[in-house]
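*Asks:* Could you build all of it, start to finish, from the sequences and the hints given here?
Going line by line, the protein sequences match chains A and B.
Residues 984 to 1142, numbered by the numbering used here, are exactly what the first sequence covers, in order.
Residues 19 to 415, numbered by the numbering used here, are exactly what the second sequence covers, in order.
A portion of the hints provided could be inaccurate.
Said to hold, decoys possible - Covered by chain A, per the in silico footprint, the following chain B stretches (three or more residues, Cβ under 8 Å):
1) 50-57
2) 312-323
Unchecked claim - Here are the in silico distance ranges between beta carbons for each label pair:
3) A:Gly995 <-> B:Arg31: 57 to 65 Å
4) B:Gly261 <-> A:Tyr1065: 33 to 41 Å
5) B:Gly404 <-> A:Leu1020: 32 to 40 Å
6) B:Pro272 <-> A:Leu1032: 56 to 64 Å
7) A:Glu1015 <-> B:Ala312: 21 to 29 Å
8) B:Pro34 <-> A:Asp1040: 57 to 65 Å
9) B:Glu304 <-> A:Gly1056: 38 to 46 Å
10) A:Met1128 <-> B:Ala178: 40 to 48 Å
11) A:Phe1117 <-> B:Ala312: 36 to 44 Å
Everything labelled a hint here was simulated from the structure, so no lab data went into it.
Glycine residues also receive a C-beta, built at the ideal position from the N, C-alpha and C atoms.
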Amino acid sequence: MQQILHILAQDGRVAPAEIATRLGRSEADVVEAIAALEEQGMIVSYGALINWEKSGDNKVFAFINVEAVPEHGKGFDAVADYISRFPEVHSLYLMSGAADLQVVVEGVDFREIARFVAEKLAPAPGVRSTSTSFVLKSYKMEGIMLQDKPGDHRLAVSP
Amino acid sequence: MKDLSGRLNSFVRDLPPSGIREFFDLVIGMDDVISLGVGEPDFSTPWDICDAAIAGMREGITSYTSNAGLMELREAISCDMCERYGVQYSAEKEILTTVGVSEGLDLVMRAVLDPGDEVIVPEPTYVSYMPSVELAGGKAVGVQTREEDEFKLTAEALEACITPCTKALLVGYPNNPTGATMSREELLPIAEVCAKHDLIVFSDEIYSHLTYEGEHACIASLPGMYERTVVFNGFSKAYAMTGWRLGYACGPAPIVDAMNRIHAYTALCAPVSAQLGAIEALRHGEADMRRMVAEYDQRRRLFVQGLNDIGLSCFVPKGAFYTFPKVSQFGLSSKEFSRRLLFEEKVAAVPGTAFGACGEGHIRCTYATSMENLKLALERMAAFVGRLHKERGAETA
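*Replies:* What follows is the structure, given as structure tokens:
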């Protein structure tokens, strides 16, 4: 199971037959295991990791620290649920440290994100304060270095 | 211009470059080649290891070390050998760090061999084993291993090669070029022969961590072997540190001391930055190493299956990162097969004969390259094999 997750986390397009070969298992086994992993919500979705800075699309990301008021019996879950429903919210985490929640927001430009924060996020029930930082440049995402891949420096043939 | 070739040492004058070199000259300058000919990891050294070396340089740790290497490193090696294989070596007297295993082998041959002493070397063999014996004035005696034995050395074959001049056995398992491994049970009869004939054993275990099925057996851990074995290992393969040039030898104090005396006059010490990196590798490198080994293992299964699917039959190698498929069925020599595969499909694989005459009929393909490259190489090899079949069909029709 663990090995299948590692392979798919690295490359979601690897076919079950190849996973089976790589792990020395039967294809039917792997298909069944993947179905179970999807069913249990361990595999959440399959997508490509895109460096939007290269694509030419207008995309701006901001990391927003949110101080929130916990609700009796629910903690931060209710306010987190409320915030996460906005399509502008790219990801959302409950944090240790000074802020309670970290919200990653995606927009087409600075203005759009400013509007979202001012009109949606800051006034949201349970939100006490926000502190917004814009992403200027991405270096590494999801464990992958984004700079151009280094070439193979090895000799073409060696002992 | 004065020609000094006549002034060279006569043995060196006639010493040919390895068969790898010859093939390398063909590949060099060609574009878009997928190389399965590289004998080193495709990973970069884990960053923590680089960072430790860089930190050392920043702190000004840039001088010579003691000849045998930093005591901290030798202690870490001693612990590692004990934890992994249950063999105890004194960091002070029984461990020497060297400029790769290559230097270690050169040192041990010079330290142990008298002119005419014979060293038995299983073939196919790593390209520098026999020259290292002969450069030290010894005589390398090849003992052939066979594909039907998965290229393992057998006690019978070994014993048949022993003469009154035999002084030592030099083995390297997991093996370059075949990927063969030898388990503890398979090594026991070899150990018995060595003890019976009082042979010294030089065991190059540089690929020990790259053992995918079963556990690596360190020859020194076998009964009666500790006192007659020099084990060589290093950081190149397990921690992707080939260019750092750092290896080590563990063995009986008199041999290690003799090696160290030569080492002190020739290399002085192994590079200090590499030693700092190696300490970090032994302390905290296990997870990175396991990650790379897991990746090699997956590639191994994919590539071996792929080779067998296209009709290049190949036993399942259990160690290192090499496959040694059979190519003799097409009526071409290994060299010709490799040459045509390179020129027609731009896939570089080393002819088996680069590793001794008994490598004829095989090629060495490494899977120390990306999954993507392996798949592409297999596609190209399938096309090549298909064409060879057609040619054969046309000939016999």
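*Asks:* Tell me the numbers of any earlier hints that the structure contravenes, in ascending order.
*Replies:* 4 and 10
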